[in-house]
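Using the hints, position chain U against chain Z.
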Amino acid sequence: MAVGASFADLAVILVDATQGVVTQTKRHARICALMGIKHLVLAVNKMDLVDYDQQKYEDIKQEFLQLTDSFNLDSVQVIPVSATEGDNITKNSDNTPWYQESALLPYLENIVVTDDVDMEHFVMPVQRVSRPNHTFRGFQGQVEAGALKVGDEVITLPSKEKATVKSLLVTDQEEDEVFVGQPVTVQLDREVDVSRGCVLTTSESISVTDMFNATLLWMDDTELVEGRNYLVKLGTQMLPGTVMNIKHKIDINTGQEVPADKVYKNELVKCDISLAEDMVFDKFDHNEGLGGFILIDRVTNMTSGSGVVEHELRRSTNVVWQDTDISREIRAQQKGQKPVTLWFTGLSGSGKSTLANEVEKRLVSTGHHTMLLDGDNVRHGLNKNLGFKEQDRIENIRRIAEVAKLMNDAGLLTMTSFISPYENDRQQAREIIGDDFVEIYVSTPLEECEKRDVKGLYEKARNGEIPNFTGVSSPYEAPENPDIEIDTSQYSLEEATDYVVKQVMKYLD
Amino acid sequence: MKTLSHLDQLEAEAIYIIREVAAECENPVMLYSIGKDSSVMLHLALKAFYPEKPPFPFMHVDTTWKFREMIEFRDRKAKELGIEMLVQTNEEAAKQGINPFDHGANYTDIMKTQALKQGLDKHGFDAAFGGGRRDEEKSRAKERVFSFRNQNHAWDPKNQKPEMWKLYNTRINKGESMRVFPLSNWTEKDIWQYIKKEDIEIVPLYYAKERPVIYRDDNIIMVDDDRMKLEPGEEVQHKKVRFRTLGCYPLTGGIESDADTLDEIIEETLGAVSSERTSRVIDQEAAGSMERRKREGYF
Chain Z
1 MAVGASFADL AVILVDATQG VVTQTKRHAR ICALMGIKHL VLAVNKMDLV DYDQQKYEDI
61 KQEFLQLTDS FNLDSVQVIP VSATEGDNIT KNSDNTPWYQ ESALLPYLEN IVVTDDVDME
121 HFVMPVQRVS RPNHTFRGFQ GQVEAGALKV GDEVITLPSK EKATVKSLLV TDQEEDEVFV
181 GQPVTVQLDR EVDVSRGCVL TTSESISVTD MFNATLLWMD DTELVEGRNY LVKLGTQMLP
241 GTVMNIKHKI DINTGQEVPA DKVYKNELVK CDISLAEDMV FDKFDHNEGL GGFILIDRVT
301 NMTSGSGVVE HELRRSTNVV WQDTDISREI RAQQKGQKPV TLWFTGLSGS GKSTLANEVE
361 KRLVSTGHHT MLLDGDNVRH GLNKNLGFKE QDRIENIRRI AEVAKLMNDA GLLTMTSFIS
421 PYENDRQQAR EIIGDDFVEI YVSTPLEECE KRDVKGLYEK ARNGEIPNFT GVSSPYEAPE
481 NPDIEIDTSQ YSLEEATDYV VKQVMKYLD
Chain U
1 MKTLSHLDQL EAEAIYIIRE VAAECENPVM LYSIGKDSSV MLHLALKAFY PEKPPFPFMH
61 VDTTWKFREM IEFRDRKAKE LGIEMLVQTN EEAAKQGINP FDHGANYTDI MKTQALKQGL
121 DKHGFDAAFG GGRRDEEKSR AKERVFSFRN QNHAWDPKNQ KPEMWKLYNT RINKGESMRV
181 FPLSNWTEKD IWQYIKKEDI EIVPLYYAKE RPVIYRDDNI IMVDDDRMKL EPGEEVQHKK
241 VRFRTLGCYP LTGGIESDAD TLDEIIEETL GAVSSERTSR VIDQEAAGSM ERRKREGYF
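Those sequence lines, one after another, are chains Z and U.
According to the UniProt record's numbering, the first sequence holds residues 1 to 509 in order.
According to the UniProt record's numbering, the second sequence holds residues 1 to 299 in order.
Fair warning: there could be bad hints in the mix.
Stated by the list, open to error - Output of the computed footprint for chain U on chain Z, the stretches with three or more beta carbons under 8 Å from beta carbons of chain U:
1. 1–9
2. 122–132
3. 170–184
4. 225–238
5. 286–299
To be verified - If you anchor each label on the Cβ, the simulated ranges turn out as follows:
6. U:L46 x Z:E223: 40 to 48 Å
7. Z:L73 x U:E137: 30 to 38 Å
8. Z:Q427 x U:E137: 34 to 42 Å
To be verified - Which residues of chain Z face chain U? A partial, calculated answer using Cβ under 8 Å:
9. F136
10. M219
11. M302
12. S306
If you are wondering where the hints come from, they were derived from the structure by calculation, not from laboratory data.
Think of the CB as a built atom: it goes at the ideal place given N, C-alpha and C, for glycine as much as any other residue.
If we strip away everything but chain Z, and leave its shape as in the complex, we get (with noise of 0.2 Å):
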């Protein structure tokens, strides 16, 4: 329904008039609400069946408007029906002479649906830039605001540099201005820099930052947890982002604020999103177009989730990175080594730590300096305010990636052993590490695994006094395409370490 309401202007909700505003009323304007439409029509059908009793119809009213009031809408219109009969869908009914504005489809005929956006300034996100010869260079996207002529000046974002608008193409004619809703070509007087994802406007107050409040329907059969990155789609830009503070649900019925752990499917939050960089932005209300997003999740590619945003936060302008004079280069020049982060994931059991152990001990007889962070010393420090649930191991991996990247920037060769089950988490690790990640998959089979059960936890697991134990209860996520792969039931520890140093010395050149 969601879907189907994102594309709509305006939308009819019928009730009965024998049973009132119900339950299912209050969902589907909200709904609408939250999609944008801002016109609502309620057919309060089966009039029939009431006597066409004006009270019945001014109770139901009355309801409605109450329930819409804090929408944000345009217009609503409480129309008294009866589809069997055909009062008021055609023609003013004589069995309603109480009613005397106008009959449903004159209605539907007669309704100015213009968005009431800001048409006072141009907005076009840039699709993708045509460039057929060395004369012709064209920004193409749909207008979504406001209209611009030949001569005018436009600001680009997110580079805000400033040209004049040499000439206008709608399709494949020249005009000397466009308007909301066409598809259009704009040259301008200078070489600017803009590519796909850039917007053109004449508004001075779009937001370009990392981070925004929005309300989120969530729309996939895997829950949403605080912490987890996606694909965020705004306009024609694409950049990872991570859902922070969640703060509440909405009950979609009664518009109620009720506390949020585990998201699911069809649940609408409000919460914040910080992107990976500056996004080009603005509030859904002031503009659709650069206010509805999309989540996409990474390893999937569905669409989880899609929201408005409510207004932008100012985090990022906060905190100012510190330059240092001496840089990571010059620390780990100074130590004579590329620094490194080796990530190792697998089972419990899967000989990680054992393996971790031994590379390191060989890496610092050969000279390195290094650095190997596991569960004993990260668990009972740094994380120890968290627990098992999953937001928190989420915030566990978070923390350690963003421990091994300051420790590669002291210049040193980090190794980190834990489960790290999730491909999404495994994934947002790269991405705080960068470049210098290398992901070694310790893949020794479950059975195997399970045989050596060195700490006496599958037994436990299988006896379920652990809850969500991974392997048992609770799934591993292989890695597609690990940089190093060992099963360590086929090789002794010896041979297993040789190999490994052996891979990853490829990476410290």
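For chain U alone, coordinates are given in the frame of chain Z:
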């Protein structure tokens, strides 16, 4: 403030979709069937990128049994417009002599569906534009604009992505591909009105003209070349006929008609539909379009 007409809005939407694919997909192709919908889609692609040529090739799946006038039209248009036109035929099956007379239902699968898959695989296309519309049949009504196919080109209705606003998710996993339908929201009436408004050239077979035909099982089949096998008692007649859809000539039924101008065609094609609209639209639309299909000679 100017507001866009109904056709302007449909055009803007289709152009937006076509540009999104060009910007986000690595190796797109536009399927071209030579029919009226393909003619509209080609026209939109030209307008979307003007003055640049469309930044992707076109591909026609040729069963070797198309009307000769279609092939002439295809080759002339590609040359006139300076676009790259790939022609894909299931060569092996053609050599084996697969034909519409002897191989019935399998023929379409072998010469059309298989040939299409061969063409997409051969060139490694990750997105293929098609001219499908939601009003064509019930099963298409739920189809997305961007429709995802697995490695075997199969459609999994459960695994499609919700499409919100204009935010199309074009990300695919390795081996998957997309079919993209920029005309999804158009109706047959929109197509004809747009052809008239934009003065788009269509294959002359749509216009009534005296043509050599035979009558077979209540259908009028044109004898387009000497591969057409006549059955006992069948006799070639010269009748003024035209075609409402175009495909393989032995499988495409024509209608007797005098409509030899665009206005007359529109009148003839849409007259029945618009009169249906005056009463209950929903029920009769579905029934009406099925009926129309039979009349059009879909087997």
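Hint by hint, here is what the structure shows:
no. : hint                        : in the structure
1   : 1–9                         : holds (count 4)
2   : 122–132                     : holds (count 5)
3   : 170–184                     : holds (count 7)
4   : 225–238                     : holds (count 4)
5   : 286–299                     : holds (count 6)
6   : U:L46 x Z:E223: 40 to 48 Å  : holds, 46 Å
7   : Z:L73 x U:E137: 30 to 38 Å  : holds, 36 Å
8   : Z:Q427 x U:E137: 34 to 42 Å : holds, 41 Å
9   : F136                        : holds, 6 Å
10  : M219                        : holds, 6 Å
11  : M302                        : holds, 6 Å
12  : S306                        : holds, 4 Å
Checked against the numbered hints given earlier, the structure satisfies every one of them.
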